[in-house]
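Asks: Which chain is which? The protein sequence lines are A and B, in order.
Quick note, the first sequence lines up with residues 29 to 696 if you use this note's numbering.
Quick note, the second sequence lines up with residues 460 to 657 if you use this note's numbering.
Hints may contain errors.
Stated by the list, open to error - For lysine to aspartate or glutamate, the following EDC-like pairs were computed, each having C-alpha atoms within a straight-line distance of at most 16 Å:
no. : chain 1 : residue 1 : chain 2 : residue 2
1   : A       : Lys218    : A       : Glu90
2   : A       : Lys418    : B       : Glu624
3   : A       : Lys603    : B       : Glu542
4   : A       : Lys349    : A       : Glu381
5   : B       : Lys595    : A       : Glu388
6   : A       : Lys405    : B       : Glu614
7   : A       : Lys340    : A       : Asp481
8   : A       : Lys482    : A       : Glu582
9   : A       : Lys256    : A       : Asp546
10  : B       : Lys489    : A       : Glu600
By construction, these hints were calculated from the structure, which means they are not laboratory data.
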Amino acid sequence: MSADELVPEIHDIMKLCENTKLPGADREVSPHSNPHLVYDYKKIKNPTFEGICKHHHGKNFEIFPDSPSLFLLDMADNLSASTSRVKIPNDRTNDAIFKLWKSYFENVKNTNPYFRPLNLNEIFEFVRKNPGKEDYFRAYYDYLIFRAEDAKLGANITSLYTHSVLTGKFYRILKAANYSVPDDIFKDKKTLVSTYNNKGQNWSLNVVKYQIKFTQKPFRVGDLNIFKVLQNLRNEIEEKYSDFVLFTTSDEFLLVLPPNIKNDFLKSLLSKYGFWFNFVRRECKLEDPDPNTENLNPKMGKLNPDPEKLKKDANSAIEKKKRDQKESLKSKLSQIPEERRKGIEKKIRKGYEKTLNDLERNWETKIEKEKINGLFKEGNEYIELFSEIKPPICEICQMAPAEFTDDKSGVKEELCKYCWKIRENGEKLIKLAEWTYEEDIKTAWIKISLNFDKLIDTLEELYIKYLKELKIPDPEEKAEIKFSVLSEFQFDYESFLKQLNKKIVSVFHEENVEKILDDFFCIKIDNSSEIIKFLRLYNSLIDEFFSKFKETAESPIKLVISESAVKFPFFEHWKYLENPRNDIDIKLIGKGEMKVNLNQLNTLLILRLGDKTALHKLAKMAEISKELAYMEIVSKKGKKEHPDLQKAVFEEGFKISDILTYVKIKGD
Amino acid sequence: MPEYLEYSLKADALILGERIKGGIFRPSSKSLRWSTITMALRKWTGKRDLHAIGVLDSYESNYFVYSPTERAAKTSKIPLQVEVLNNVEGNVYIVKNSKLELPYEFKIFLGALISKGFGKCDLKFEREIKNPERKKGTLCTRIPLKYKHLFSIEEVKPIYGYLFEPNPNTMTGTYIKSLFEGSEVEGPVFLLGDNNGR
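For reference, chain A alone in the conformation it holds in the complex (with noise of 0.2 Å):
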């Protein structure tokens, strides 16, 4: 970007400064507060410093935008706020950033409401530079990922730097949607408001949530090079569409897109290595498009980073019917006499099904209202596929004709222009290939998958708490979770996974870890017992980024462990990888499976288990029969032998199979 254009970035930069006697004020005042001050005190004529001084409307602001660029990054600005702000009370403020997924409330009250670091001399030296977006973050980054965007408590929950990079994304995706902004309408505030207020109303973006698939089943390490293009892909699209982009993860992307680019425009990208993908796709309003009126849902009407929020809260809605049904028909058939118990409750049952249906089907209609108006679409896109392929059928992926042999392994085997090129042009996972030719080598694959649609919900579970602490009312209602929340914690999780990579290598050292992507590792080990390092350095990583998710019933984040003989094939693993189902879930091909919740991690390793010879010898019976390994430890001489291990299971909720997993991979 020339430095004579507007930097959206910057348009915060005055949150940073102390507070100043400025010409006009009895007082110390904010200039971010007062951008009439300041801008009667100096003006510098470049874009950037306009940008500063005039971007807000609200009725404190004496001066406001007046040109179009400045009224979308007005626009801009409010889009990548943490929260709606007519909604959180402006009484207590602290300037320091909450973490919803790591900050506690407890260490809010002791913390200097204040931080202020520059001064206004030193911000008018800077603008006067024409500085870059780049000159910006690399000047104040540490300033900007401390101070909260928005200093109300409880609506201090994203970082300044996180909102400058959105209102930067957000300003050039309206750039890109090519809406007219007439000059006539910066005549008068009154003017502008209303037409800001229009604007948002009818103005729209589309989110769309794509995610990659893949149908190659991998049996070579060669075979592997996929993820490494899965990765060069995601780069490139993320090259590609910087602006777009506002949350990834190793294989879906959130983006919004203005509605001028049609939402298949990833499928020649992706089509390129014949993978597919799957995309939802919602076309918001900027803002509530009805605000006067009860909607659906309050949080609905307008960009929302959850396009299939509609689905969602269908869902939900039906399932919680169905749960207080069940309720509702126990306590009434308590009521009623035995003998005429049968009679009345198929006709409860019948009036039940009735209402369900009824709701049912009232969803059914909203949503297909939302498809027929073009507004919400979701599906799958493939590669042109054939209806028919005459043999030979590509051996790896199984979707298209195979037209090339490859025969250097000794092994013929028939591949597809996909499968081929993806063999040929990927990098060699070389220590892995080394692996497979060594005796007694154990394996164990290690995947962290992040959960979107969890993240979202347990995000605003933990907003929902913060609220509740504040005592601000009606939490349920305001704990929005916006765009900026979810780049605030992308920013913390991609922290996250590089403290990972480099734990997992001083720990296991680096000849023993094949690193497949920065969520993935192949590690070799010895034994089975190694996997509790990696569970320990796990565990502290947690505690040190995402603590509060030990406080959910479910982590957004999972682990998946697949541990085996080197040789045994990668797609097997590939199953449990991809599919977690359990925050945490160990599998030991063929000896066993264990499932542990986030919150029970810190209880499982430091579980003693008593006597390492009964150890030894209870996983050697637990593999011949889970039975007798059962009955060993629920009976009296169990209690003398394994008094942890039933505690494990009577007092922490450890399921038995769970625990006699851990005892192989304790014992090995």
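Could you slot chain B onto chain A? The hints should help.
Replies: Same frame as chain A, but now just chain B:
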């Protein structure tokens, strides 16, 4: 609207091989796809215009090590680890057809390693289904697109793959585009479940 014959299926040990070549591990499919059950029933009845699909309700997954023998050279090849589904219970849905007469109970053989004792299935007639209730949901088996109308299936969010259809009286065949488990469809409730079966 087609009508269906529902048979319950029970088997001690099944190997429903995935079409994967190479490697020393052969996984088993966890769904009873159109091609497997239809071809087995066609072989058993001798009728070519028969179509059926299956849904597995429960099974245990175990491993079996097997070393194929080269009879001529009297040598064994590298042992293979094969995934076996034990204690399998499920249902088979056969499209009703006036020319088709099936007994109340019968046995068929499905899948791989039949000569080693795997694949024996007991089928028992349960009911005739007319006008089945249709709903939106997740398909829990595999059906070729060109036969989806026989099972009253409409795609909503399809997951595609290919199933093998042999050419009659030849050793060849073609792979036909099919709906795989996990597809969102509108169809008879008895074919819906979660991604991995019901």
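Asks: Hint compliance check: list the failing hint numbers for this structure, sorted ascending.
Replies: No hint contradicted; all consistent.
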